[in-house]
Amino acid sequence: MEKLEIFINYETCSNCGTCSEICPAFIFELDSVNGIKIKQDFIHLCFECGQCMAVCKTKSIFVKSLDYDKDFYEFSDDDNFFSIIEKRRSVRRFKPLPVKKELIEKILDAVSKAPHGDKNQHVEITVINNRNKIIEGLLLMSEFYDKLAKWLHNPIMRKLIQLETGKDKLNTLINHLLPRIEKGIYHNISFVYDGITRGAHTLLIFHAEKDSEEHKEDSMIFVTYATLAAQALNLGSTIVELVPPPINKIPKLKKIFFIPNSHEAIISLIIGYPKYRYQRGIRRNLKRVHWL
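Offset between the sequence shown (1-based) and the numbering used here: plus 4.
Because the hints were derived from the structure by calculation, they are not lab data.
Backbone N, C-alpha and C define an ideal beta-carbon position, used for all residues, glycine too.
Heads up, a few of these hints could be off.
What the hints assert, rightly or not - Distance windows between CB atoms, simulated:
(1) I243 x G170: 45 to 55 Å
(2) E186 x E217: 33 to 43 Å
(3) R281 x N134: 21 to 31 Å
(4) G170 x K123: 38 to 48 Å
(5) K123 x K41: 49 to 59 Å
(6) N158 x T62: 14 to 24 Å
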């Protein structure tokens, strides 16, 4: 067993292949002859999300600086708000099933109870509970991100992107998104799986009039409520920032998803029935807490 940034203990690995399905960067690959292997040229895409270690039943995967004892925790048997929080994970693989309408309505009801920043609530939610409709949009999204990769390599376009989105967003695009685009993460689109919506059959898009008060802040509050409501209903969800940018730039996408031209999409959420259940939680530490 050679210790690398990412390595597998093949003495305990069951070759179940779950890690290859869970990893958002496609670092693991299940070979029908040799079992699980690590794609060395994909390791640089790892951002230490811990998903593979959290789902591994035999604790056979080791990722960079993460440690099973220090960075993970066992789930409690409690059934309360704090238990919901500790068990919530960003789901990377869904069962090929649309979410039942009555469950979506319960999630929307929970969102309606969230606080908002203006006395008038401006955010609208579009619910797409149809995998074929999502795929129709994904084809255009994939093309958009191919173009974005070319723009990010162009110094003039890069400067324009920075002026429009800010230096922080540009850094995210260059350091996080660009390497994944260039590895074709967002090219793999099928009915079963894709790199943007993870094969989900249900997509919620939060959008509002561009000049309406507090609509961006409210959208982030609402999507957070939605993730917790989904978890309480034993559903899985993931907040996806990849969907709104192409919607806001491509009129045809707004038409596909019936979003008014005067609206801007802020954030989106994929919801579904998780294909895999996590064995343990991932401990996240706050950057720093200052007590006065």
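Now the hints, each set against the structure:
no. : hint                    : result
1   : I243 x G170: 45 to 55 Å : violated (19 Å)
2   : E186 x E217: 33 to 43 Å : holds (39 Å)
3   : R281 x N134: 21 to 31 Å : holds (26 Å)
4   : G170 x K123: 38 to 48 Å : violated (29 Å)
5   : K123 x K41: 49 to 59 Å  : holds (57 Å)
6   : N158 x T62: 14 to 24 Å  : violated (46 Å)
In summary, the numbered hints that this structure violates are 1, 4 and 6.
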